[in-house]
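Working from the sequences, and respecting the hints, build out all of it.
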Amino acid sequence: MATDAAFYIDEIDKNGYCVIPGVFAPEKTSPALDYLSGYYRQEDLNPNTGSSQLDLGNDQIVWNLQNKDILFCDFLFGSPVIEEVLKAFLNDEWYKELPAEGPNYILHTYMARSGGHAPLRLHIDSLMPCIGPFTTAVSVLVCLERQDLENGCTVVVPGSHLSGQYVKPEDRARAIPVPANAGDVIVLDSRIWHGSAPNDSGRSRWLLVATFIRWWLKQGFNIPGNLPEEIYTQLNPSQKVVMGFCSIPPEDESDRHSAKLGLESLKPSVSAYK
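Residue numbers in the sequence shown follow my numbering, run continuously in steps of one, and reach 274 at the last position.
Warning: the hint list may mix true and false statements.
What the hints assert, rightly or not - FRET-style restraints, in silico, Cβ to Cβ:
hint	residue 1	residue 2	range
1	GLU170	GLU264	45 to 55 Å
2	GLY202	ALA272	30 to 40 Å
3	GLU251	ARG174	40 to 50 Å
4	SER258	GLY38	36 to 46 Å
5	PRO80	ASP148	22 to 32 Å
6	ASN67	PRO179	41 to 51 Å
7	SER271	LYS14	38 to 48 Å
Stated by the list, open to error - Pairs of lysine-lysine, BS3-like flavour, derived with a Cα cap of 30 Å:
hint	residue 1	residue 2
8	LYS274	LYS28
9	LYS267	LYS87
10	LYS240	LYS260
11	LYS260	LYS274
12	LYS28	LYS260
13	LYS96	LYS28
14	LYS218	LYS267
15	LYS260	LYS96
It is worth saying that the hints were derived from the structure and are not from the lab. Model, not experiment: these values are computed from the prediction. Think of the CB as a built atom: it goes at the ideal place given N, C-alpha and C, for glycine as much as any other residue.
Structure representation (structure tokens):
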């Protein structure tokens, strides 16, 4: 496992991305695919329930998968190799309140997407570029279906994570496709310029997109405040750390003075934090 993780860490260091084949078996990916297809058909009738269509050629999007079903949490925590990769890029070695062997990075956003007719423009997920060996965010893309150029696969500009620049429209000519099979995982240094090809195949291309960040950054949603109790109680302490429960900011100085907390701060329920 350590050897595998070291190989993928080196690939991400050099190129800004890697593909890890066969991480999740069909008995994992198939139920998730069935859930998303059914959920989207049902909830698209009501735009206020968490799914939406962006102006991206009828892309299908489902947000906050960590709240939908525990099966989606299995993809966040089900691969030791991916955890080692994430710790290598995002763990804070000075976070002494948590065990050094565990994660102290947190989840920023977790969504599912099936691309539509229009290509997804090149962008970065780290929000701002920076130069150097340290990134603030890593995106993990779990393929639930085969993705190729015909159905709008992910495209990247290798090495662009070290450019220190925002992407420009003309840079799309430098992008290369990243084909992958169901169960494969694509890991991106979130500074890399990436997007997707157009999907004119008539086929879906569902993938899960989990972006992880360093513990001191702001999460994209209030994940600790809104995680369902039935999900929370099924998570182990390290998984609750990743959800952000050990880095909740204090209410004020009468509460505490730091957002850097240890496992002893974890509470028996989500409501207990409120």
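How does the Cβ-Cβ distance of SER258 and GLY38 compare with 36 to 46 Å: does it lie in that range? For GLY38 against SER258, whose Cβ atoms are near 43 Å apart, the range 36 to 46 Å holds.
Check whether the Cα positions of LYS240 and LYS260 lie no farther apart than 30 Å. 14 Å, holds
Tell me if the straight-line CA distance from LYS96 to LYS28 falls inside 30 Å. Roughly 35 Å between the alpha carbons, so the hint for LYS96 and LYS28 is violated.
Does the Cβ pair SER271, LYS14 satisfy 38 to 48 Å? Between SER271 and LYS14, where Cβ atoms are some 46 Å apart, the hint holds.
Within 30 Å, alpha carbon to alpha carbon, are LYS260 and LYS96? 9 Å, holds
For the range 30 to 40 Å, tell me whether the beta carbons of GLY202 and ALA272 fit it or not. 49 Å, violated
Do the beta carbons of PRO80 and ASP148 sit within 22 to 32 Å of each other? Cβ of PRO80 to Cβ of ASP148: about 28 Å, so the range 22 to 32 Å holds.
Would you check the hint for LYS267 and LYS87, treating anything up to 30 Å between C-alpha atoms as holding? 24 Å, holds
Take the C-alpha atoms of LYS274 and LYS28, compute the straight-line distance between them, and say whether it is at most 30 Å. 34 Å, violated
Could you check the hint for me, namely that GLU170 and GLU264 are 45 to 55 Å apart, CB to CB? About 53 Å separates the Cβ atoms of GLU170 and GLU264, which means 45 to 55 Å holds.
With the threshold set at 30 Å, check whether the alpha-carbon distance from LYS260 to LYS274 stays at or below it. 18 Å, holds
LYS218 paired with LYS267 [C-alpha distance capped at 30 Å]: Roughly 21 Å between the alpha carbons, so the hint for LYS218 and LYS267 holds.
This entry does not satisfy hints 2, 6, 8, 12 and 13, going by the numbered hints stated previously.
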